[in-house]
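Working from the sequences, and respecting the hints, build out all of it.
One-letter residues, chain by chain:
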Amino acid sequence: MTMNELSASTRVAWAVCIRGMQRIRARPVLIIPTVIMPVVLVVSFSGSFSSLTRIDGYGTDNIYNWMAPYAALQGAVFAGIGGVGSVADDIENGFFDRLLLTPGSHSALLVGTVGYSALRAFLPTTAVLLISLLIGGLTIPGGLLGLITLYLAAASMAMVFCLTGLVIVYKLKSHRSLMLVQVLAFGALFISVGQVPLSFMQGWLHTAARLNPVSNVLELARQGFLGQVAWQTTWPGLVALAAMITVTGFFARRGLYRLTP
Amino acid sequence: MTVVIEAQGLERSFGDLKAVAGIDLAVEEGEVFGFLGPNGAGKSTAVRMFTTLLRPTGGMARVAGFDVVSQAAEVRKNIGVALQDAAIDPLMTGNELVRLQAVLHGIARPEAKKRGGELLERVGLTAAADRRVGTYSGGMRRRLDLALSLIHEPHVLFLDEPTTGLDPTSRLALWEEVRRLNQDQGTTVFLTTQYLEEADELAGRIAIIDEGRLVREGTPAELKASVGAPTLRIDIDPEHVDQAQSVLSRFGIDRPARNGRVAVGLDGGVAKVAEVVQSLESAGVEVLHLELDAPSLDDVFAEATGRRLEGATQHHE
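Same order as they appear, the protein sequences are chains A and B. Here the first sequence is numbered in our numbering, starting from 1 and rising by one per residue. Here the second sequence is numbered in our numbering, starting from 262 and rising by one per residue.
Hints are computed from structural coordinates only; laboratory data are not their basis. We put the beta carbon where it would ideally sit given N, CA and C, even for glycine.
Computed, partial: chain A to chain B, Cβ under 7 Å: (1) A8; (2) R11; (3) V12; (4) A15; (5) R19; (6) Q22; (7) R23; (8) A26; (9) R27; (10) G94; (11) F95; (12) D97; (13) R98; (14) L101; (15) P103; (16) T260.
So, in C-alpha cells, the structure goes:
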C-alpha cells in the first residue's frame, strides 16, 4: 500500500467513524440504552450486594470499586455491538452498497466501524464512573494510570465485540443476527471474574472463568480500582485483548471481502 | 466508438436459480442504454455485477476497460451508481452524505465542498441540504442519490430503476437531468427500467431482458419496426374471446392482451379496421371499445416473450 493509498484509507476510516457520531447526534436513542444499562447494573448490583466486599478476597471494602469496572466493560461490550447495529442497518437498507462502491480499500470501512465502536465505549464507561463516584464513593487507588487502564480495556472490548458482530452481520446480513452476539457477550461476561473473584468459584465455572480471556481483561481494567497498576496483571489482559482483536479481526475482514469481488 | 460496458456470457446463479443466464452486450461511450424488463427479469442482478457488487458465476464483464472481478477497484473509480430504492441513510443530512461520498472517492475537502454545492444546486436540493434525508420526499431522495453518484465525475453512470415509485413530475425532472448529463458531459448511462415510456424517452439503444436472457436488442425505432403491423386492441364480452380470436386470426398475428380484450397485429393497418369490426359483428361478437396503436416497445416485449409488461398493461388501460 502506498502512502497515498494509506492516507486515503485513513480518511475513509475516519469519515465512517464520524458518520457514526453524526448518527448518534441525529438520534441519541442509539446510544442511550448502552449508557443506561451499565449504570443500572452498577447501581442495582452494588445496592443489593453491598456487603459482599466484607468477605476477604475482593481486594476492596467498597462494592463500587469492584463492580464499576465490570459494569463499564459491560457497557463497552454493548457499545461495540451497537456500533455493528449501524452496519446491520446499512446492509438492510442498501446504504452499505454505497460504501462498498468506494474504490479504496474496504478494510477502511471495517477500521472506521471499529473506531466508532471504541469511541462509543467512552460514554458508558464515563457514566458508570461518575455515578459510582457520586453515589458509591468510588475511589481510584491506581490513580491516572488505573483510569487509563480501564478506558483502554473498555475501548478494546468494544472493538472485540464490534468485530465479533461484524463477522456475524457480514455473514447473515440482518440486524436480528446481532442477538447471537448479545448471547455471546452475556456468556463471556457472566462466565468470568466479573461478579466474584476466581477463588470463589468451583468446578466447571472456575475452569471456564479461568480460561475465559475476558477474565484477564477484567483484571486489567479493575486493578487500578483495587490497588496500584501492576505489570503482572497488565500483560495477561493486553495479550488477551490482542489475541481477541486479531482473531475476530481476521474473520471480520474475511467476511467483508467475501461480500464483493 | 469505444465500448465502455461489455458482457460476454455473463451469468449469475443463486443455487438452482439462474438470475442472469448468459448475456452478451456492448455499450458504447456516450450512449444512454436502456435495460428493459419486468420485475425479477435479472436487471438489478446484472447491474450489481457490472458495478462490482456481485461476483458473476460465469462469463465476463468489463466496465470502462476494466474487468469487474480482477480490477474491481478500477471499475469503481470510473462508475457512478444510483441503485434501486435510493439507498441513503435517513439519519444523515444531504450535506453530510455528499461529504462522505466525496471522501469515499478520495476527493480533497475543498474540491468536495465545491462539487457538492454545485451538484446539490443542480438537483435542486440546496435549500434542503442541511435537513435529515429521512424528511425528504421520494423524488428528493432520488435526486440526492443521483447527485451522490456524480460527485467523482464518473465516466459511466448506472441507474437502477431510478424513477420507480416517483410521481410524474419528479419522474420528468429526473429524465431531464439524465438527458443533460448525457448530452452536456457525454456521460455513458446504463439505465434499467420496467417502464416502456422511460426506455423509449431516454435510451438510444435498448436491450430487453426476460428470465435472465436478452430477448431483443436495438434502437427503439428498430425494435418497433421489427414488430411490423400496428396493434388493434378490442374490448369485448369476455365470454366471446375464443370467437373473436378466431375472427382476428384472419387479419394478422394474435398478440397478448388482458382478460376481456383481444389484440392482433393488424396487417394493412387502419384501412382494415372497419372490416374487422364487421367480421366480429357477423360472428356475433359485440365490439365495446377499440383502439389502434402504432407498434410500441410493449408490442416488442410481447412479441419476444408472449407476455406484456405490468406497467404497459396499466398504460393501455
